[in-house]
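One line per chain: the protein sequences are A and B, in this order.
With my numbering, the residue at position 67 of the first sequence is 67, and numbering never jumps.
With my numbering, the residue at position 289 of the second sequence is 289, and numbering never jumps.
Errors might be hidden in some of the hints.
If the Cβ cut is set under 10 Å, some of the chain B residues that face chain A in the computed set are [to be verified]:
hint: 1; residue: Gly35
hint: 2; residue: Pro173
hint: 3; residue: Leu177
hint: 4; residue: Met280
hint: 5; residue: Arg282
hint: 6; residue: Pro284
hint: 7; residue: Gln285
hint: 8; residue: Leu286
FYI, nobody ran anything at the bench for these hints, they're computed from the structure.
Quick reminder that beta carbons are idealized off the backbone N, C-alpha and C, glycines included.
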Amino acid sequence: MRPLHEVLLLAVVLTDLWVLGTSRLSAAIRATALQGALLAALPVALYGDASPHMLALAAGTLLVKAIVLPRLMSRAIRETSVRRESEPLIGFATSLLFGAVAVALAFGIAPRLSLPGLQSEMLVPVAFATVMIGLVVLTTRGKAIMQVVGYLLLENGIYVFGLSQAQRVPFLVEVGVLLDVFAGVFVMGIVVFEINRAFDTLDSDQLSDLRD
Amino acid sequence: MNVASAAGLLLVLLLAPLVPGLANRTKSALTGRRGAPLGQPYADLARLWRKGLVVSRTTTAVFRATPVLLLATTLLAACLLPLDGQAAPIHFTGDLLAFAGLLAMGRWWLVLGALDTGSSFEGMGASREVTLASFAEPALLLCLTVLALATGDFRLQAMLGGSLGSVWHGVAPSLVLAAAGLFIVALAEGARVPVDDPATHLELTMIHEVMVLDHSGPDLALIEYAHALKMAVFGALVVRVLVAGALLPPAASLAVLVAGLALYAIAIGVVESVTARFRMARVPQLLLTACAVAGFGLILLMR
Numbered sequence: 001m002r003p004l005h006e007v008l009l010l011a012v013v014l015t016d017l018w019v020l021g022t023s024r025l026s027a028a029i030r031a032t033a034l035q036g037a038l039l040a041a042l043p044v045a046l047y048g049d050a051s052p053h054m055l056a057l058a059a060g061t062l063l064v065k066a067i068v069l070p071r072l073m074s075r076a077i078r079e080t081s082v083r084r085e086s087e088p089l090i091g092f093a094t095s096l097l098f099g100a101v102a103v104a105l106a107f108g109i110a111p112r113l114s115l116p117g118l119q120s121e122m123l124v125p126v127a128f129a130t131v132m133i134g135l136v137v138l139t140t141r142g143k144a145i146m147q148v149v150g151y152l153l154l155e156n157g158i159y160v161f162g163l164s165q166a167q168r169v170p171f172l173v174e175v176g177v178l179l180d181v182f183a184g185v186f187v188m189g190i191v192v193f194e195i196n197r198a199f200d201t202l203d204s205d206q207l208s209d210l211r212d
Numbered sequence: 001m002n003v004a005s006a007a008g009l010l011l012v013l014l015l016a017p018l019v020p021g022l023a024n025r026t027k028s029a030l031t032g033r034r035g036a037p038l039g040q041p042y043a044d045l046a047r048l049w050r051k052g053l054v055v056s057r058t059t060t061a062v063f064r065a066t067p068v069l070l071l072a073t074t075l076l077a078a079c080l081l082p083l084d085g086q087a088a089p090i091h092f093t094g095d096l097l098a099f100a101g102l103l104a105m106g107r108w109w110l111v112l113g114a115l116d117t118g119s120s121f122e123g124m125g126a127s128r129e130v131t132l133a134s135f136a137e138p139a140l141l142l143c144l145t146v147l148a149l150a151t152g153d154f155r156l157q158a159m160l161g162g163s164l165g166s167v168w169h170g171v172a173p174s175l176v177l178a179a180a181g182l183f184i185v186a187l188a189e190g191a192r193v194p195v196d197d198p199a200t201h202l203e204l205t206m207i208h209e210v211m212v213l214d215h216s217g218p219d220l221a222l223i224e225y226a227h228a229l230k231m232a233v234f235g236a237l238v239v240r241v242l243v244a245g246a247l248l249p250p251a252a253s254l255a256v257l258v259a260g261l262a263l264y265a266i267a268i269g270v271v272e273s274v275t276a277r278f279r280m281a282r283v284p285q286l287l288l289t290a291c292a293v294a295g296f297g298l299i300l301l302m303r
């Protein structure tokens with residue numbers, strides 16, 4: 001059988017596609033929470049050692065990405081009572097197609113990139129695919145909450161890429177990144193509330209009408 | 001064709017009506033009802049078989065031929081599968097396309113029979129069926145392509161039998177993805193809940209039910225049986241993809257097939273209980289998900 005980390009990486013891509021294909025905000029948030037949990041298990045599965053460094057990284061990721069951030073976002077959609085992404089810039093079927101192309105592209109490009117000390121040949125393509133799908137979500141969805149989800153996917157992709165070099169990156173840097181993401185989503189959450197209060201909607205299109 | 005593969009075919013032919021029966025029973029149990037007994041589909045078929053036949057005067061020979069041809073194509077498609085995981089009753093190079101083609105031909109006759117009645121209602125059902133088929137068929141072919149690429153063979157007998165057994169351990173993730181894609185296609189082909197609701201007779205929602213409205217008696221029995229058989233064939237396909245029968249002795253392989261079919265029927269019942277029927281416009285999205293999942297399996301094989 002395949003090693004555990006490859007199965008985890010596969011599941012990460014599937015959660016990407018899940019976010020891309022769903023119109024329900026709560027489903028998208030659940031998918032990112034699941035992805036956060038998968039990412040937390042990934043470093044342990046990848047390096048197979050239980051050093052304090054790895055365990056701390058896993059625990060921190062689990063706490064921030066699988067528990068705190070999804071809660072924060074769930075609260076945001078509860079308070080603003082927005083349930084669905086109604087007007088994406090491109091349809092869900094088309095964005096799924098985009099996602100499939102992104103995955104194919106990622107798996108096509110990654111082997112040409114020779115990185116030293118890779119633990120698994122699937123790390124880089126999965127990282128690329130997640131970053132690209134995050135970009136698609138970030139740019140094509142109208143609801144501010146979905147854009148936060150896209151931002152999280154983007155960051156998750158960078159995290160996966162960082163894992164390929166995890167033994168060289170100092171612990172403090174990783175914690176700093178986690179803190180950054182947390183602060184970012186926190187600020188976005190507040191912005192979401194404010195958008196909702198000011199315009200009675202979460203469509204970020206409304207923001208560009210401010211000019212006149 | 002050896003004893004085991006004949007036994008596999010016979011088992012599937014006999015047990016086919018149990019698949020919708022078990023799915024409906026699961027749905028009843030999960031929604032707090034007792035539900036019809038498992039043998040209900042058999043009783044329904046026997047009742048229909050004894051009934052008389054009413055044929056509208058506006059129909060032609062096509063209408064009468066539809067049930068027979070639908071059952072014949074589905075039967076032939078079932079014969080192409082190595083149901084015991086070793087050998088198929090009929091096999092030749094490239095028969096994976098024949099498999100998809102036979103199922104498509106069965107659908108074509110069913111649609112033609114529906115159009116033949118001249119009823120605008122049935123025409124609407126036929127149009128929906130064909131629209132969804134244009135998404136379901138590529139998904140099916142993509143899943144079969146994953147299998148062909150994984151095994152390097154173009155005969156279903158080898159793709160689901162011997163060749164699959166030898167590469168099974170190395171390509172498991174792709175196979176799981178292909179099986180997931182096939183399951184979604186099976187929901188669409190079997191006219192089950194996220195796509196179509198077998199329990200409703202509402203004008204706005206039916207697809208499969210509406211196309212067979214004018215059939216009655218033995219003709220309807222043939223269509224219902226062919227439909228159950230089609231569901232069982234897709235179930236057998238999913239089971240054979242997930243568990244390489246070639247690695248098991250024939251008897252164990254057949255036992256896995258029966259247990260797998262039961263699990264498949266229960267899975268359909270669970271899906272029906274936890275999801276609502278999708279809007280027509282959302283169904284292609286579901287089938288595109290099947291394509292994306294199978295495509296991902298393909299990419300994993302190609303790297």
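Status of each hint after checking the structure:
| no. | hint | verdict |
| --- | --- | --- |
| 1 | Gly35 | 29 Å, violated |
| 2 | Pro173 | 5 Å, holds |
| 3 | Leu177 | 8 Å, holds |
| 4 | Met280 | 13 Å, violated |
| 5 | Arg282 | 8 Å, holds |
| 6 | Pro284 | 6 Å, holds |
| 7 | Gln285 | 5 Å, holds |
| 8 | Leu286 | 8 Å, holds |
Of the hints listed earlier, those the structure fails to meet are numbers 1 and 4, in rising order.
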